[in-house]
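Keeping their order, the protein sequence lines are chains F and Y. Per our numbering, the first sequence starts with residue 588, numbered consecutively. Per our numbering, the second sequence starts with residue 1132, numbered consecutively.
In short, the hints are calculated from the structure, not lab data. From a predicted model like this one, the values you see are computed outputs, not experimental measurements.
Residues from chain F shown here face chain Y by an in silico Cβ test under 8 Å; the list is partial:
1) I700
2) L706
3) A895
4) T897
5) A900
6) A901
7) A904
A short, non-exhaustive set of chain F residues, derived as facing chain Y with CB atoms under 8 Å:
8) R689
9) W692
10) A693
11) A696
12) L697
13) A699
14) L703
15) L707
16) S896
17) A899
18) V903
19) L907
20) A911
We put the beta carbon where it would ideally sit given N, CA and C, even for glycine.
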Amino acid sequence: MTEPWTLAVVVLAGTLGGACTGLLPGLHVNTLAPLLLASAVFLDPLAAVLLILSVATSHTIVNVVPTLAAPLPEDDTSLVLLPIQRLARAGHAGPALLASVRASWAAGALAAILGLLFLLLPIPFDGIPNAWTRTGVLGIVLLLILGTRRPGHAALLFLFAGAAGIILLPHSIPGPLGGDGSVLLPAFAAFFGTPLLVMALAGPPTGDDPTPDATGAMENPGFLPTLLGTGCGLLVSLFPGLTSATAGAFGRAVRSPDNDIEDVAMVSAVNTANAMGNTVMMVLLGATRSGANAAAARLDPEIGGIGASTAAAALVAGLLVTTALSALLVLRTGPRLVGVLRRLPPRGLAAGGLGLLATIVFLANGPFGLLLVLFLLPLGFLPHHWSVPRALLMGFLLVPYLFAA
Amino acid sequence: MVRRVDPLVLLTLLGLVLSGAVALLNPAEPFDHEDPERQVGRTVAIRLEVIESRHGDGWSRGLAVPEGRRPTPDAPPERVAHAVPWVWFRAEEAPVVGDLIVGRAQVTAHDGVTGVMISGPQAYVRATLGPVPIRWVDLFDRPHAYVGRTLLLTGIVHDGVLVSPDGTRTCTIDGPAPPAGVGPWALHLVPDPARPGWRCRIGDAP
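The shape of chain F in the complex, shown without the other chains:
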């Protein structure tokens, strides 16, 4: 059994690691998973798993900071880029930061409590039956498509991404780092990171899913957006192939936010609750719902499906502490960090983010990986041009899943 002090050190390291990745625009923790895998070889399996998941959890809380400073989103924050930028320009960066961080903290704690109660249920839970899972995924996607202002375009985007997934997913492109050469990294870089950074390079603030009725009014978001975000984040963790971006768009389809600050709180809650929910699904069913979970399962194959065990309790408690520490860290240093980031040239930051993303894709998938990013990039620009949720690009994974025998 891992020593408690080792786990405490790992939680601290994970919090700081997630803070670093969260502050770097365009960088998602899933992208860093191969590097985290390499750095975790010095730890025993449980500590290594906790390190990776701590980084992922902390990342979901800290990543609001660069979004407030400049229009430099990544896939988790792309949904709230415009609302948060509106709030920042109206001089409400501080309250927006507070709303986001407190929603994330509350969602992380709520998700942990619900997840632990779920683990303790005396009823055996072997996951949702496959047929129901497909129906559920299809239902959520349909709601997402019908909830947009242009359902035809949304459906087309989903199918385009799906066709790309059907063609590309069976192939692999190994890079200099070795590994399995999965095409997911270049595809997600083309769909989520690169287009937003390229648009940021072009100048004016940009983003997806402008909230139609947003007013930018400064009001306390209340607890309802956090509850909705927690529910949506946990709901999608039950289904394979759905990400927090889908959950955020789904939350908006369920209840339109009254103002920007509610929107920011809801999406922030989604991201942290989803990270926690994914961990519960991993220990309960052995399901990997994110890149960080997949990396964790590779480090310790026995962690999947361990159920309500001491290791599961240690993981959830560790992530709970990570959530609180990350929130306190951002609350203490966030305003200053936003100021520092604002002094940096946004285009320079975007260029740096692009360079970093290209380097990671090159290391994991080589020059052909970079070519694949360029090939898929037009699809990544479509959500902005058509004003439909970027989350629909998850059709890349979902369509092959829905059509699988």
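Fit chain Y to the given chain F structure using the hints.
Below, chain Y alone, put in the same frame as chain F:
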């Protein structure tokens, strides 16, 4: 003056307390092969391969492998001894030899005739851990690993002594000796306090 505590701090503390409860109750902790004594009373995942099906009385026999973390390669041999006990179990429908039943079992004892409760995917079955079949060579190479457990051993009873079929190893029978024969015998191995050695307390075969 009382300072108001932030509800988020309370929520976090509640989560930590709940984590502690899960760690203490650990109802789904995998079977720890390195520490079988501490598994008693816990419910663990179990995989059962049916090796005998008796349609007459509904009892079947299967090799039960508790799912869990395997012992490390350098673990002392006695730590590995509990890995594959076999169980008698009773199912609503008699299984076929070779069937794999996956379910959960409550470990009610780690040695001897042990009762376990197994819930299969469709039917609940009651199972009883039977004596562990063992070879003479294993028994006498590391006898201390088998003290207190019920073992199933084939040997010849001769003048109150259990003799291995090849005649190289013996075990003094503690208590009344059963009629002469080759077994298999269900027995407990007990240390002999009077002199260095072991005694076999022979019980009823299942």
